[in-house]
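For the sequence shown, counting from 1, position 60 maps to 57 in the numbering used here; every step adds exactly one.
Careful: at least some of the hints might be erroneous.
Restricting the straight-line Cα-Cα distance to at most 25 Å, the calculated cross-link-like pairs of lysine to any residue (SDA-like) are [said to hold, decoys possible]:
| id | residue 1 | residue 2 |
| --- | --- | --- |
| 1 | Lys171 | Leu184 |
| 2 | Lys206 | Ile179 |
| 3 | Lys185 | Glu204 |
| 4 | Lys206 | Phe337 |
| 5 | Lys206 | Ala176 |
| 6 | Lys312 | Pro290 |
| 7 | Lys206 | Glu241 |
| 8 | Lys121 | His153 |
| 9 | Lys253 | Thr293 |
| 10 | Lys171 | Lys121 |
| 11 | Lys185 | Asp161 |
| 12 | Lys171 | Ile149 |
| 13 | Lys312 | Val363 |
| 14 | Lys171 | Pro191 |
| 15 | Lys312 | Lys253 |
| 16 | Lys253 | Glu296 |
| 17 | Lys171 | Glu335 |
| 18 | Lys253 | Ile179 |
| 19 | Lys253 | Phe243 |
| 20 | Lys253 | Arg207 |
| 21 | Lys312 | Gly322 |
| 22 | Lys185 | Arg157 |
Restraint-style ranges between C-beta atoms, simulated for each label pair [what the hints assert, rightly or not]:
| id | residue 1 | residue 2 | range |
| --- | --- | --- | --- |
| 23 | Ala327 | Ile248 | 30 to 36 Å |
| 24 | Ser109 | Val311 | 53 to 59 Å |
| 25 | Lys206 | Arg258 | 24 to 30 Å |
| 26 | Arg332 | Glu182 | 51 to 57 Å |
| 27 | Lys121 | Glu252 | 32 to 38 Å |
| 28 | Asp331 | Glu116 | 24 to 30 Å |
| 29 | Pro326 | Asn74 | 47 to 53 Å |
| 30 | Arg202 | Pro230 | 34 to 40 Å |
| 31 | Glu263 | Asp199 | 49 to 55 Å |
| 32 | Gly254 | Pro326 | 23 to 29 Å |
| 33 | Asp264 | Leu216 | 32 to 38 Å |
None of these hints come from the bench; they were simulated from the model. All values derive from a computational prediction rather than experimental measurement. Heads up, the beta-carbon is just placed ideally off N, CA and C, and yes, glycines get one too.
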Amino acid sequence: MAHNEPQPKSLGRGVGRVLTGLAAGAAFGAAATALMRIRHRGAPHPEPRTAPVPDTRPWEAAVGLLRTGVCLVDDHNRVLYTNRAARDLGLVDDHEIVSLTLRALLAQARRSGRYRDAEIEVPKQVMGEPSAVSVRITPLPDGVSVAEFQDISELHRVERVRRDFVANISHELKTPVGAMQILSEALKDAAEDPDAAARFADRIRSESKRMNHLVTDLLELSRLQGAEKLPDPEPVEVDRIVMEAFDQTRIAAEEKGIELRLTGIEDTEVLGNEAQLVTAVKNLVGNAISYSPENTTVEVETSVASPTGHLAGVKMVCIAVRDQGIGIPAEELDRIFERFYRVDAARSRQTGGTGLGLAIVKHVAVNHGGRVEVSSMPDAGSVFTLMLPARSLPSDATAPDSAEIGTSQQAAR
């Protein structure tokens, strides 16, 4: 889709204004003229000595550093100049226009004498989704055109996430709200039946509690995803975090006859916000309880590790929550930390889950400079490991080479 407007809008923050100023000003005009002269070096009429060619190297160097792709094209679609960002998008190379769609846009801009805006889908040469590229063509004198490119694939992804979020939250709220409406009508009709009225009231209370959990988790996740700094970081004992998480999940565990067990090293500390860390561990323990059979054990093991990757060289305290539950299929692991994603949606709603608990864990890990990982096999249980930079360690604590840490599914990288 292409269209004309009286006044151009910038493709990126400030970039469009810079390029428009360069094109309109003498400096960019001189650069364009110099590039045109390079094109006509073989012409029979030599340039007069009174018109020295300006040094365009500083401008070319500056444009070459832009994240926005820039390309100068003559009236035969020959590339006079292009920066690396433009080449990386796959629409042009050092010599010619590769995209047929881009050639058509250039022709339209030349005919109209006005700029053209469009969005082009660039297929990936290897496996992967195509890129969405925003394009602006601005015709200049002497048949030269400036093409600007910006990869907007991430903007499209964010928009998809936003739409999915709105759809998910609407669905999640519609279920309890609808149930409470029906139950309230049933409660009204059961005024003369105390037992039925009590049952309906209990169901209404249960649905309202579910809504409250959902809203609470949404607010918590929104706060964690914000740009605010970690509030009031302080030394926190890891054992205290785990025991507080046990206290908050003990009733659910006792109802299923599940033993909560803490093992591993003692006297370790991390620097962070205690409330957030307790929430993260509570979510992991509560998740383990929900998906474990009755009369089993949920174990939390604390250890120290030296991970690989961008956290290499940092001593990490690992809080591993191990259950004996139904496990997670391998194909589900990539999405397990997404908002509202459930491996078994029916079972999750039955247990009162909001689908936000693991997303909250991931963002708590990010806020504390750590990460969360999961390893699991169907019918063999799961292990979720929250890894946090250690503040202090006991003198006898060792940090083994944790090869297994690099092999499980990771989040918060």
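What are the numbers of the hints that this structure violates, sorted from low to high? 6, 10, 11, 12, 14, 15, 18, 21, 22, 26, 27 and 31
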